[in-house]
Every structure is written in structure tokens, then in C-alpha cells.
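Number of protein chains: 2
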Amino acid sequence: MNGAESLVRTLVASGVDTCFANPGTSEMHFVAALDRVAGMRCVLGLFEGVVSGAADGYARMTDKPAATLLHLGPGLGNALANLHNARKANTPVVNIVGDHATHHRRYDAPLTSDVEGVARPMSSWVKTSMDARSVARDGAEAVAASLAGAGGVATLILPADTAWNESDGPAAPVPVAARPKVSDDALREAVSALRSGEPTLILVGGRAQRARTMELASRIAETCGARVLGPTSNARIERGAGRPRLDRIFYVVGRALEQLSDIRRVVLVGTLEPVAFFAYPGKPSLVLPPECQVHAFAKPEDDILDALERLADAVGATATSPLIQPLSRPDLPSGAITPETIGAVVGALLPENAIVVDESINAGRGVYPATIGAPAHDWLQLTGGSIGIGLPLATGAAVACPDRPVVALQADGSGMYTLQALWTQARENLNVTTIIFSNRAYASLETELHNVGATNPGRTALDMLDLSRPDLDWVKLAEGMGVEAARADTVEKLIDLFGQSVKRPGPFLIEVPC
Amino acid sequence: MNGAESLVRTLVASGVDTCFANPGTSEMHFVAALDRVAGMRCVLGLFEGVVSGAADGYARMTDKPAATLLHLGPGLGNALANLHNARKANTPVVNIVGDHATHHRRYDAPLTSDVEGVARPMSSWVKTSMDARSVARDGAEAVAASLAGAGGVATLILPADTAWNESDGPAAPVPVAARPKVSDDALREAVSALRSGEPTLILVGGRAQRARTMELASRIAETCGARVLGPTSNARIERGAGRPRLDRIFYVVGRALEQLSDIRRVVLVGTLEPVAFFAYPGKPSLVLPPECQVHAFAKPEDDILDALERLADAVGATATSPLIQPLSRPDLPSGAITPETIGAVVGALLPENAIVVDESINAGRGVYPATIGAPAHDWLQLTGGSIGIGLPLATGAAVACPDRPVVALQADGSGMYTLQALWTQARENLNVTTIIFSNRAYASLETELHNVGATNPGRTALDMLDLSRPDLDWVKLAEGMGVEAARADTVEKLIDLFGQSVKRPGPFLIEVPC
Numbered sequence: 001m002n003g004a005e006s007l008v009r010t011l012v013a014s015g016v017d018t019c020f021a022n023p024g025t026s027e028m029h030f031v032a033a034l035d036r037v038a039g040m041r042c043v044l045g046l047f048e049g050v051v052s053g054a055a056d057g058y059a060r061m062t063d064k065p066a067a068t069l070l071h072l073g074p075g076l077g078n079a080l081a082n083l084h085n086a087r088k089a090n091t092p093v094v095n096i097v098g099d100h101a102t103h104h105r106r107y108d109a110p111l112t113s114d115v116e117g118v119a120r121p122m123s124s125w126v127k128t129s130m131d132a133r134s135v136a137r138d139g140a141e142a143v144a145a146s147l148a149g150a151g152g153v154a155t156l157i158l159p160a161d162t163a164w165n166e167s168d169g170p171a172a173p174v175p176v177a178a179r180p181k182v183s184d185d186a187l188r189e190a191v192s193a194l195r196s197g198e199p200t201l202i203l204v205g206g207r208a209q210r211a212r213t214m215e216l217a218s219r220i221a222e223t224c225g226a227r228v229l230g231p232t233s234n235a236r237i238e239r240g241a242g243r244p245r246l247d248r249i250f251y252v253v254g255r256a257l258e259q260l261s262d263i264r265r266v267v268l269v270g271t272l273e274p275v276a277f278f279a280y281p282g283k284p285s286l287v288l289p290p291e292c293q294v295h296a297f298a299k300p301e302d303d304i305l306d307a308l309e310r311l312a313d314a315v316g317a318t319a320t321s322p323l324i325q326p327l328s329r330p331d332l333p334s335g336a337i338t339p340e341t342i343g344a345v346v347g348a349l350l351p352e353n354a355i356v357v358d359e360s361i362n363a364g365r366g367v368y369p370a371t372i373g374a375p376a377h378d379w380l381q382l383t384g385g386s387i388g389i390g391l392p393l394a395t396g397a398a399v400a401c402p403d404r405p406v407v408a409l410q411a412d413g414s415g416m417y418t419l420q421a422l423w424t425q426a427r428e429n430l431n432v433t434t435i436i437f438s439n440r441a442y443a444s445l446e447t448e449l450h451n452v453g454a455t456n457p458g459r460t461a462l463d464m465l466d467l468s469r470p471d472l473d474w475v476k477l478a479e480g481m482g483v484e485a486a487r488a489d490t491v492e493k494l495i496d497l498f499g500q501s502v503k504r505p506g507p508f509l510i511e512v513p514c
Numbered sequence: 001m002n003g004a005e006s007l008v009r010t011l012v013a014s015g016v017d018t019c020f021a022n023p024g025t026s027e028m029h030f031v032a033a034l035d036r037v038a039g040m041r042c043v044l045g046l047f048e049g050v051v052s053g054a055a056d057g058y059a060r061m062t063d064k065p066a067a068t069l070l071h072l073g074p075g076l077g078n079a080l081a082n083l084h085n086a087r088k089a090n091t092p093v094v095n096i097v098g099d100h101a102t103h104h105r106r107y108d109a110p111l112t113s114d115v116e117g118v119a120r121p122m123s124s125w126v127k128t129s130m131d132a133r134s135v136a137r138d139g140a141e142a143v144a145a146s147l148a149g150a151g152g153v154a155t156l157i158l159p160a161d162t163a164w165n166e167s168d169g170p171a172a173p174v175p176v177a178a179r180p181k182v183s184d185d186a187l188r189e190a191v192s193a194l195r196s197g198e199p200t201l202i203l204v205g206g207r208a209q210r211a212r213t214m215e216l217a218s219r220i221a222e223t224c225g226a227r228v229l230g231p232t233s234n235a236r237i238e239r240g241a242g243r244p245r246l247d248r249i250f251y252v253v254g255r256a257l258e259q260l261s262d263i264r265r266v267v268l269v270g271t272l273e274p275v276a277f278f279a280y281p282g283k284p285s286l287v288l289p290p291e292c293q294v295h296a297f298a299k300p301e302d303d304i305l306d307a308l309e310r311l312a313d314a315v316g317a318t319a320t321s322p323l324i325q326p327l328s329r330p331d332l333p334s335g336a337i338t339p340e341t342i343g344a345v346v347g348a349l350l351p352e353n354a355i356v357v358d359e360s361i362n363a364g365r366g367v368y369p370a371t372i373g374a375p376a377h378d379w380l381q382l383t384g385g386s387i388g389i390g391l392p393l394a395t396g397a398a399v400a401c402p403d404r405p406v407v408a409l410q411a412d413g414s415g416m417y418t419l420q421a422l423w424t425q426a427r428e429n430l431n432v433t434t435i436i437f438s439n440r441a442y443a444s445l446e447t448e449l450h451n452v453g454a455t456n457p458g459r460t461a462l463d464m465l466d467l468s469r470p471d472l473d474w475v476k477l478a479e480g481m482g483v484e485a486a487r488a489d490t491v492e493k494l495i496d497l498f499g500q501s502v503k504r505p506g507p508f509l510i511e512v513p514c
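Those protein sequence lines, which keep their order, are chains A and B. Under the numbering used here, the first sequence has 254 at position 254, and the numbering climbs by one with no breaks. Under the numbering used here, the second sequence has 297 at position 297, and the numbering climbs by one with no breaks.
Quick caveat, the hints were computed from the structure, so don't treat them as lab data. For glycine and all other residues, C-beta sits at the position ideal for the given N, C-alpha and C. It is possible that some hints are incorrect.
Claimed, not checked - Which chain B residues face chain A? A few, computed with CB under 7 Å, are given here:
#1 P23
#2 A32
#3 H104
#4 P121
#5 A279
#6 V452
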């Protein structure tokens, strides 16, 4: 058995059953081994940003890593932007990156580069296998590393000869340490904050945004008179009817400052202290009031469920009912296409158990509030601000959950970064309905240009934010990659197309001029 | 004047007149400054790989750097693959990368990452400006750094507050040291090799591939009975009728070994010792015979023209005529579409002074030989093996040379990495005719799978090399980005479409099933 096969067998034994791949010559032995090993599904992406974003979406839905298969430094480079998002989401990902054979690395061949250097900024664990007999063990360590702490990106670099040379066979899975319990001191501090009588916020992020943990947070908040909010950017929120409602800290700094102005205590659960997305001239980086005390109760890597159970118990909230969102859909709208009417269509028609992937940036701002009372669903967001995650994330979520409808809310500008994901959706016949918010602009930048103080922009500046001339035709782009698509110029057409698409299998794209 | 404006003015004063941009919030002041400063053309790309590849194409044609404008670590990450190619081509590029304001960098905001860490693997020079008064000087240094040595990638990181705070105004250009002359010792060694009586190869790469330097190399070779070849991957070859013919070292290791088997001396001019693109089990990394002596006569960063003039003089070649390729076009073909008939169409119809960008990988192998005697043209290639450069490179070359027709020979698989470049071609109305070699496969990998010894591949492995299911429709993809396109199912149709397109302004794409 060669090194590549020993690695594939080890990954499968360690619970990795899906590999998103964009392989090259150095990865051919890994690819060939897939036919000799049962239990690994391999999904091709036509660009590495699709691969890494899909791995993120897969793991957000399964809580276990997918593997990626990438080709040397440049292939990993193309994956970096979405690995950045995965890192900020604390998503476990195992990158397998081929490199030149160990004896070839000393030469300046065209594809030679510092692969570890490319990996490091977006990885919590990086290792290069030095021979075929180490590959299996290194692979098992990579899986464990991706699951360590709060979850992270582990990158294993595989020189080609470690793949083709003879190995000692697969390695046993490496055990992952249990998530640490929060200390009794932290618990006492949180109780004291909640009983301080001061306006208190429970900020729930990461793993605390699952239905069960949010119910506990809601019980605690109801008992102690506290508020509950989530951060601006979130990996996965379980929400909708039958679950607690979770509002988020506003993206716009001025609005966030106002939203949090009365807060004097914050209990952090599964997240860190909130900071502004960007700095602006004359505005603070921290959005909490300066006089607010911050209590880091449960860190992202802690056992969040245990922490909240103990906190609920300590404040006597166990018997308190959580605030549960009733089923409440908006009426089907009519009239012009606006962020509000698009939101109403999605809110009225979103199927039960859907997965919503939101990279709609400005244009989709009507959808989150309009789906508060929709049937229970998951909400996945851009976490690291690196646009171009939406279509890949939806792809990976659909691979992870083949029986659930996936709805991708996609801004046109960010969609263009990784539009190749549509091809994978077609090839794998994934149940993804994509709504393209086609405003033909980097609309968020029009606001940001003003926010940073660059006033009275001229033609050249405005051209850099303008995606018209020529207009993108997303129907043709989707069809060019084998995905059926149509344009919804009216709300009625959107109702018709969206209502049909979420009920039928396979991908569909709806371009909505807005 | 704020820091951003001081930088733009400095870049213009330093000779940088073109900026390929994909900006975000942190870059808004730079963008706004463009309207206040004359002399900088700003070209928008919808993905950063387009931006970096276009900057490479621009500089290959002008011998001076373009700027790129990129958004924090992830934006730079998306640019890395084509920066890798630029680095291997010794192309000068000046990256301007926005980062969070200095006071915001200490927080773990969503877009925070180690930007310098992302830059380093593909840059020869990296610096972060620490305040607005340093930005102009740092920008002038970045331009000089990109032109230092053989040319390279300089990355200047610009925290947002260095852009918006008050500066001291623009900085003067930083002088670039002249290219060093080769030593008299190196000259004597080369003369001795050429007069050794042993079979000698003059390997010309980089700046030695211009018509004038190749004429000198040809004179020297004719005088001394030596051969002339180029490396496998080349940044820019001036070739065609009226110029010396340049054959290249074969990509396939077995063929390269055979091609070079009789060589006992190699005189390197503007390039390093040739190595195999990849390592393969049981095959050598070095393609020259072990008994061959290598003479590093002129390094890539040396004054190549001076070196060849002195060498020609020293061996008495000044009066020798170079071997000049006469005008010789193939006849217009008929029959089935094959690599050979596609090559004949391009060879028969390539207009004078064209720029050919070749990322056709396997499928376009017929074009290089068929254009040997076409009217004088430039030939630009993938230099670093990082696929996805073709469409951006053609875009940048067309921006650099608006009066020259550009022909992009593009494999379908590699074209998909950076297809967004087509939109920029449409927006800027660039004279680019793209031929998509639509074989619906990573065809090169089918060969490579065999070459690395992964025999008898199964369905899963073959699926990873297969781009059908669904078929890509490049006509729709192009039209979706505003580029006119058509499919050529017959040689006659290809003749018609290609012949028309190269004569008219603006972009056009021809999908050729092959």
C-alpha cells in the first residue's frame, strides 16, 4: 500500500468521509487511491475557492471536517480566502496539499514555492510529511488538530514521493481531547454579573447558537432580566419557529454603538468581545460602551452546553420557559421588487428544515427579519468578511445534508468571485436554490466610501464600485455551468420561481434585479 | 493631501500609470484619490486573480510595473496564484494591499489576518507603511524594488489610517541600479565552452528572448556550431517571420532527456539550469545529461544585451548572419478539428504584431509549431505552472498594447479559474480573441495520472479529471459577462470566426470542441 492509500484509509477511519478536490499531478496517487478505498466521497470543484468554501459549509452542518485536496502553493493560495472565513468560523477543515517530491523540492521548478508559508496565515496546524511511512500518522494528527480547541484549519503537505512510495498502512485515529468545562470562578463571575442589577447582555456565538444552547441562554436571560444577542457574523444559527429568536449586533458602527449603549455587563458565551468590522476615522474599534464590564464566561473552545446548563442551574433558570418564536410568516407580497418584498417572498415560502446561506451583503437585508418566524432552519453567514463564500458554502452544506433544501442568498459582486461552484452544484445535483441580488454594483462600497470620509467621489472612483458596463447576465452564467436559471423581474415571478424551486431536486438560480 | 493621494502621485511620478484593482473598504481613499490625480488608469477586475494576472501581462509587454489594488489578506490570497506566475516570470508588480487601520489591527476583527505572512511566499519585497507620512516614500521604494534584480513582486501594505491621515505629499522616485554587466571571467568561460568542440547549447530565457538578443545568440551559435533553445516555460518570446526561431525544451521529461542527450556544454543566458516540471518515480529532476557542464554566463538579472554583444564580439560572430525565420504560413486547412488544424488556422490568419497568450496546455500543442513563420508576434506563456493565468494575462497585455491584436489560446479547465477576466475585457473593449480549447477534461492530468505510475484508474479517479457532466458552455459564460462569442464546430467556422475577430475591435470568444 502506498502512502496515498494509507492516508485515505486513515482519513476514513478518522471519520472524514468527504473530500472536496481540485487535484493536479502531485495529487494523482491520492486520487487513484480513492477507487481502492470505500467510504470517501470525492467532489470536484473547478477552482480551489470553491473547494475550501464547500469544506467549510460541509463542516458547519456536520460538525466534522471534510478534507480538501489542493495542488501545491498556488492551489492552496486560491483556497486561502475561504480558509480565512473557515478559520474565523472555527470550522474544522483538513487540507491535503500536494507538493513536489522531496528530492525535487531543492530545484526551482516552475511550481516550487514555500507551501508552508502559504498555509500558515490561515491554518492553526501545518505539517509537511517527510516520507511515505509518516503520511498516515500525520493524516490522523491533522484530523485531530482540526477538531482541537474550537475547531480550525489543519494543513498537511504531501510531497509526491510520500504518496507513491510504500507505506506501513493506515494509522489509528488520534483521540481529540474533550472540550474543557468552564471554571467555577467563571461561573460565579457570570452569576454575579447577571445578578448585578445592571443592564446585562448575554452574547452567544459559535456553538452557543444551536437551538438547545440558545434555549438555555433565553431561560437565563428571562430569569435575570438580561438581553441576548449574537455577533454580527455567525457561522451557523439554528433559528425560526419553535426556537429562541436571535438578533445580531449591527454591522454599521453607529447603529451598533446605539444598540449597545445601555449595556453595562456582557457575559460572553462561545464568542469573544465584539469589535467593529472596520475602523473609521473618529469612530471607536470597540462597540461596547467603555464603562461596560466584559465577562468571558465560556470561550469558543469550551463545553458550551455544560457551561449554560450550569449557569441556568446557578441562577435558578431551569424551570423558566425560554422565549420561543412562534410560527409567523409574512404574507406573500405584491408590488415592486425591494429588499423587503424579496424578504417577504423568502419568509412566506421558506420550507421547513431549510439551510439558508447568506452572502447577500446590502441587498438581502430584508430577508433575515422576514424569516424570524419561518419554519425552523439553519442560517449560515460570511464569517471572515472575505467575499466569495456564498455559492461554495451552499454547495458544501448541500453535500452534507442531501435531504434538506438549501437557499443561497447571493449578492452579485461577491458571487462572481467563486461562481464556478454552480458547476459542482449541477454535477452533484445538489438541492440549492440561489437568489442573485443583482444590483450591478459593489453596493456596500458605495456606503463605505462615504463612511471612511472619502466624500464627493468622481467618475473613476465610482467606476470601481460599478458592475454594470457590461451588465452581468446570471442566467447565462448559470446555464453555462449546467444550472437551470431564470430572471424574476417581478415579485409574482419571484414567488412562482422560488416556490417551485425549493420543492424540486437539483440546483436552480433566480436572478433578481434589485 | 492624505496618504492615499500622496501614494498615487508618487506611483505616477515613478512611472506607474496603470492600476488593476479589486478594492474594498480599506482601499476607498486610494480609489477616491484617483479622481484627483491625472495619469493613472484604473482597471477593475471582479476577482483578484484577474487583477494579478493582468498586472503580469501588462508588465511583460511594457517592461514596467502596473500596480494592483487588493483588499486585506484574503484579497491578496486570491491574487497569489498569478503572483506566483509573475514571480517565476521575473515580472515587476507593485501590490498595494489595504489593511485595517493601525489602531484596529490589534483586535480580532473578521477580516484581520497576517497580511505580511500571506504576501511573503510570492513577494521579493514586503513592507507595511506605519503612518501616512511614510506611505509615499514606501511607494517609491516598492516601485524600485519591483524593478530591482531581474524584476519581482513588491507588496506594500497600507493600513487604512495611513491612507486617510495627512501626509507630507508625494515622494521622489527611487533610482533603480543598472543591471550588472557579466564579468570578464564569465565571458571567458562562455567563449571557452563555445570553442570546446563539444556539442554546446545556448539556452536563452527571460530578457534574452527579445528579437535583438536572440539575433545575437543566433549569430554566436552559427559561428561556433552551437544550438539555441529556450526553457519550457517562458514569459515573452519575440518570434515569427524576420526573427530567429526559438524551439523550447520539451515539457515531457522523457522527450526533454532525449532532446538534450547529446549536449555536453550549456551556456545559460538570462535563465537558470533547466529542471523537470515535476518529479516522476524513477525519472531524474535534471534534464541535462549528468556529464554536461553548465556555464552560468548571464543571470536573469544581468545586462543581457551587453553580455551577448560582448560574447558575439569575443567569438567573432559580429559579422555572421543570424538564422532568420522567413515568412511562411500554413495553408488554410479543411477537415476535422484537431490540434493540427486549429494550429493551421491560427498560423494562416495570425495578424502582424499580434500578442499570443498561450494557456492551451495539451490541446493547443499544434499552434506553436504552426506559427513559427507567421508575421512577427509576441508569445506569452504560463511561467509558474499555476493555471488560470491565460485570460487575465491577455487582458493585461491588451491594456498595455491597445493597438495590437491579442489572441488567447485557452484550455477550458484552466480558463475556468479566472473566467471573470472576460468581463474586464468587455468593459475596457479590449482587442482580445479567445480560443477556448473545449475538450471538457483536465486532459493533461489524464497523461500525468499515467506518468506518476497511478495505473488502471477507476471511476472515482477519472471523474476528478472529467469536466463533462455537465458540459461547460463557454458561449453562454462569455455572453454572461458581456463578451460576444460563438462555437466553431467545424474548421470552416473557425476560419470564419477567427479571421473576422482578429480584424475588429473589442473582445470575442470562440469555443472549439476538440
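Tested hints:
1. Below 7 Å, beta-carbon pairs count as interface contacts, and P23 (chain B) has one with chain A at about 6 Å; its hint therefore holds.
2. The beta carbon of A32 (chain B) is positioned within 7 Å of a beta carbon in chain A (closest approach about 4 Å), and the interface hint is therefore held.
3. Using the Cβ-Cβ criterion of 7 Å, the hint placing H104 (chain B) at the interface with chain A is satisfied: the shortest such distance is roughly 4 Å.
4. At about 4 Å, the closest approach between the beta carbon of P121 (chain B) and any beta carbon in chain A falls short of 7 Å, and the interface hint on this residue holds.
5. Interface restraint check: A279 (chain B) against chain A, minimum CB-CB distance 4 Å, threshold 7 Å, status holds.
6. Hint status for V452 (chain B) relative to chain A: holds, with the closest Cβ pair at about 5 Å, below 7 Å.
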